[in-house]
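Trainee: Could you put together the complete structure from these sequences and hints?
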Amino acid sequence: MTTETHDPIFDTVCGVISRIAKVPPETVRADAPVSGLQNVDSIVLLEIIVTVENELGIEIDEEELFAIDTVGEFVAACRRLVAAP
Amino acid sequence: MPRSKKLLLISPRATFFGRNPKHQQFKRESREFQFFDYTWTGFATGLIIVGSLTPPQYDVRYIDENIEPVDFDAEADLVAVTGMTAQADRMYEIAAAFRARGVPVVAGGLHANLIPKEVARHVDAVCVGEAEALWPQVLHDFEQGELKPMYRQRGRADLTQAPRPRWELAQQRYYPSVWVETSRGCPHTCRFCAATIRYRDKLGYKTVDQVVAEVELVRERFDNPYVLFSDDNFVVDRGRTRELLKRLIPLGIKWSGQSDVSFYKDPEILELMHDSGCMMMLIGFESVSTETLTGIDERNWKLRALGTYVEATKAIQDHGIGVYGAFTLGLDTDTKDSFEETAAFMKDNYLAGIQASCVTPFPGTPLRGDMEREGRILTDRPWSHYTVFDAVYQPRHMTPEELEEGTIGIYRSFYNREFSLRKTRHFKSIYRNLVRKKAERDEALATTGRSMV
Ligand code: B12
Ligand code: SF4
Chain Y
1 MTTETHDPIF DTVCGVISRI AKVPPETVRA DAPVSGLQNV DSIVLLEIIV
51 TVENELGIEI DEEELFAIDT VGEFVAACRR LVAAP
Chain D
1 MPRSKKLLLI SPRATFFGRN PKHQQFKRES REFQFFDYTW TGFATGLIIV
51 GSLTPPQYDV RYIDENIEPV DFDAEADLVA VTGMTAQADR MYEIAAAFRA
101 RGVPVVAGGL HANLIPKEVA RHVDAVCVGE AEALWPQVLH DFEQGELKPM
151 YRQRGRADLT QAPRPRWELA QQRYYPSVWV ETSRGCPHTC RFCAATIRYR
201 DKLGYKTVDQ VVAEVELVRE RFDNPYVLFS DDNFVVDRGR TRELLKRLIP
251 LGIKWSGQSD VSFYKDPEIL ELMHDSGCMM MLIGFESVST ETLTGIDERN
301 WKLRALGTYV EATKAIQDHG IGVYGAFTLG LDTDTKDSFE ETAAFMKDNY
351 LAGIQASCVT PFPGTPLRGD MEREGRILTD RPWSHYTVFD AVYQPRHMTP
401 EELEEGTIGI YRSFYNREFS LRKTRHFKSI YRNLVRKKAE RDEALATTGR
451 SMV
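Chains as they are written, first to last, in this note's numbering: chain Y, 1 to 85; chain D, 1 to 453.
FYI, nobody ran anything at the bench for these hints, they're computed from the structure.
Under the rule of at most 30 Å between Cα atoms (straight-line distance), these lysine-lysine pairs were calculated in the DSBU-like manner:
| hint | chain 1 | residue 1 | chain 2 | residue 2 |
| --- | --- | --- | --- | --- |
| 1 | D | K428 | D | K347 |
| 2 | D | K246 | D | K428 |
| 3 | Y | K22 | D | K437 |
| 4 | D | K314 | D | K265 |
| 5 | D | K347 | D | K22 |
| 6 | D | K22 | D | K336 |
| 7 | D | K246 | D | K265 |
| 8 | D | K265 | D | K428 |
| 9 | D | K246 | D | K314 |
| 10 | D | K246 | D | K202 |
| 11 | Y | K22 | D | K27 |
| 12 | D | K336 | D | K27 |
| 13 | Y | K22 | D | K314 |
| 14 | D | K438 | Y | K22 |
| 15 | D | K246 | Y | K22 |
| 16 | Y | K22 | D | K428 |
| 17 | D | K5 | D | K117 |
| 18 | D | K438 | D | K347 |
A few chain D positions that, by computed beta-carbon distances, are all more than 10 Å from chain Y:
| hint | residue |
| --- | --- |
| 19 | K5 |
| 20 | Q25 |
| 21 | P163 |
| 22 | P187 |
| 23 | R441 |
Stretch by stretch, here's where chain Y covers chain D in the computed footprint (C-beta under 8 Å, at least three residues):
| hint | stretch |
| --- | --- |
| 24 | 246-254 |
| 25 | 410-421 |
Quick reminder that beta carbons are idealized off the backbone N, C-alpha and C, glycines included.
Mentor: This is the structure we're talking about:
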C-alpha cells in the first residue's frame, strides 16, 4: 500500500495524466519516469503540466520542470508550490 | 491432416537516424532528442497487410529484425521480405541465407517498387505494387510450384475492399506507436520523393467507416496506443478529413500524421484535429529558401506555399497541434549558410519538432536521374547509407561531410536544454490559452446547456 492513494495532489496529477494520456489511473505510479509515461511525448507532457497548474492554481518554473524525472518528483514540486505562501 | 505451411514475414534491420558517428553520438547523448523521438518507431505495415491476405491454413510469423534477430534455421516454406532502400542490403543477405536452404523468397515494399530489376537478382519473386493486388496470385503460384520472377500490378487496388491489417502478428512486441493507413498517395510531385512516385496516377482512400473500425480494433488490441497515420498526405480531401476527425473524437485516442501545410487555413479542421487528440503534424516544408524551392515540384506548389510557412505554423500550433517540420538540405542552391537559415526559421517559429535530412537521390526518383547523369552519386556508399541522414551524393556547394555536419548542427542548435526551455515556455502559454478556453466552454455548456461558438 502506498501513501499516495490518500494524497489529493497525487490524485490530481494522476487524474490529469490519466485523462490526457488516456491511460487507466492505476497505471500511473509515483516512480514512473515522466519521459517514459505511456502515450506521453513532450507535447502531451506540456498539456498535462498546464492542466495540473490550472487545477492546483500554481505555476511551475520551466527550469524546475527540467529537473523533474519521475511522477513522484512532479507531485513533490506541486506540493511545494501549493504550500508556498 | 496436412501440415500447415509456414510463412515468415521479415522486416530487415536498418539504421535509425544517420549511420555516421556524429549522428549516432548525438542520438546517444541528447536527452531532448531522445524524449522527442521515442515514439517514432513501428512495425512494417506492408508485411502486416501481407499477413492479412494470407489464408488461415498458413502458419504466419512476423519478425522485425530491428527488435529481434532472424533465426535462419527456423522452419519455413516461404519467406516474404519488405524494405525501404536503407534495408535493401540486409534484405539481400536475408534472402540469400534462406534461398541457400532452398526456401523461396518473395520481396515487396518500397525499394522493390523503386528498383525491381536489381531486387529480382536476389530473390525468387519481386512484387511491384500493392500487396492487395498481388499477394493472392503469388500464393497461388507458390502452391503450384510456379513462382514467377516478377509480379506487376495493373491498375490500383480498391482500398475500400482491403482487409484490415493483421496487427495481432506484431502485437506481442512492444511498439510505442501503432501505424494506421487511411489513404495512399499525394497530389504533389517533389523531385526527390520516393514515397509517392508509385501512386502518382491516383490517390487511394479507405472509407471513414473502415478507418474508424480499424482504430477501434487497434485500441482493443494494443494497450492505449499512440496512433500514427502513415498516409503520405493526411489532408487532401478536406471534406473527408473533417468527417474522419469528427468520428475519431469519441474514440479518445492520441494521434499524429503528416500532411502538406495547406490545412492551416481551415479553422474547423484545426479544431477537430485538436479535439480528436492530434498531437503533432509532420509537415514537409523542405526548405526556407526561394531558390531551393523553385522547381522542387513540377507545379512549384511548395515555392508558392513558402510565404505561408510562418503564418501556418502559428495557426496550427495555436490550436495545440505541434508542427514537426521536415527539411531537406543539400540541394544545388543550398550553401553552407542554409543550415543556419533553416535553424533560425525552426527556432523563431518554435517548431515542436524537426527533421533535418540530407537530400537523398533514391533510385527511381527524378533527382536520381539528374545525379547519375552528372556523375555525382557516391558509388562507394551502399544502400544501407540511404538513411536520409547520411550524404550519398556530391552536393554542389559543400562536401558530403559538410552536409552531414551541417544537418547535425541544426539538431544540436534545436534539441538542447536552452532552446527546449524557451520552447516549453512558448507551448505552455499556448496550452494555458487552450485549457482556459476549454474550461470556459465547459462552463458555458454546464450553465446554458449550449455550446459556445
Ligand atoms: C511508417 C514509416 C516508418 C516506420 C515503420 C517502418 C517500417 N518498417 O515500415 C518507422 C518510424 C520505423 C520508419 C523508420 C525509417 N524510415 Co520510414 N517511413 C514510414 C512512412 C511514414 C510510411 C510507410 C508505410 O507504412 N506505408 C504504408 C505501407 C502499407 O506501404 P508499403 O510499406 O509500401 O507497403 C505496401 C506495398 O509496398 C506492398 N508491400 C510492402 N511490403 C511487401 C512485401 C511483399 C511480399 C508484398 C507482396 C508486398 C509488399 O504492400 C503494401 C500495401 O500495398 C514512410 C513515408 C510514406 N508516407 O511512405 C516513411 C519512409 C518509408 N521512411 C523512410 C526512411 C528513410 C526511414 C528510415 C531509414 C529513416 C532513418 N534513418 O531513421 C528509418 C528506417 C528504420 C529501420 N530500422 O528500418 C523513407 C524511405 C525512402 C526510401 N526509398 O527508402 C520514407 C519514404 C520517408 C521519406 N519520404 O523519406 N519509417
Ligand atoms: S509533399 Fe511529401 S509526400 Fe507529397 S510528393 Fe512531396 S515529399 Fe512526397
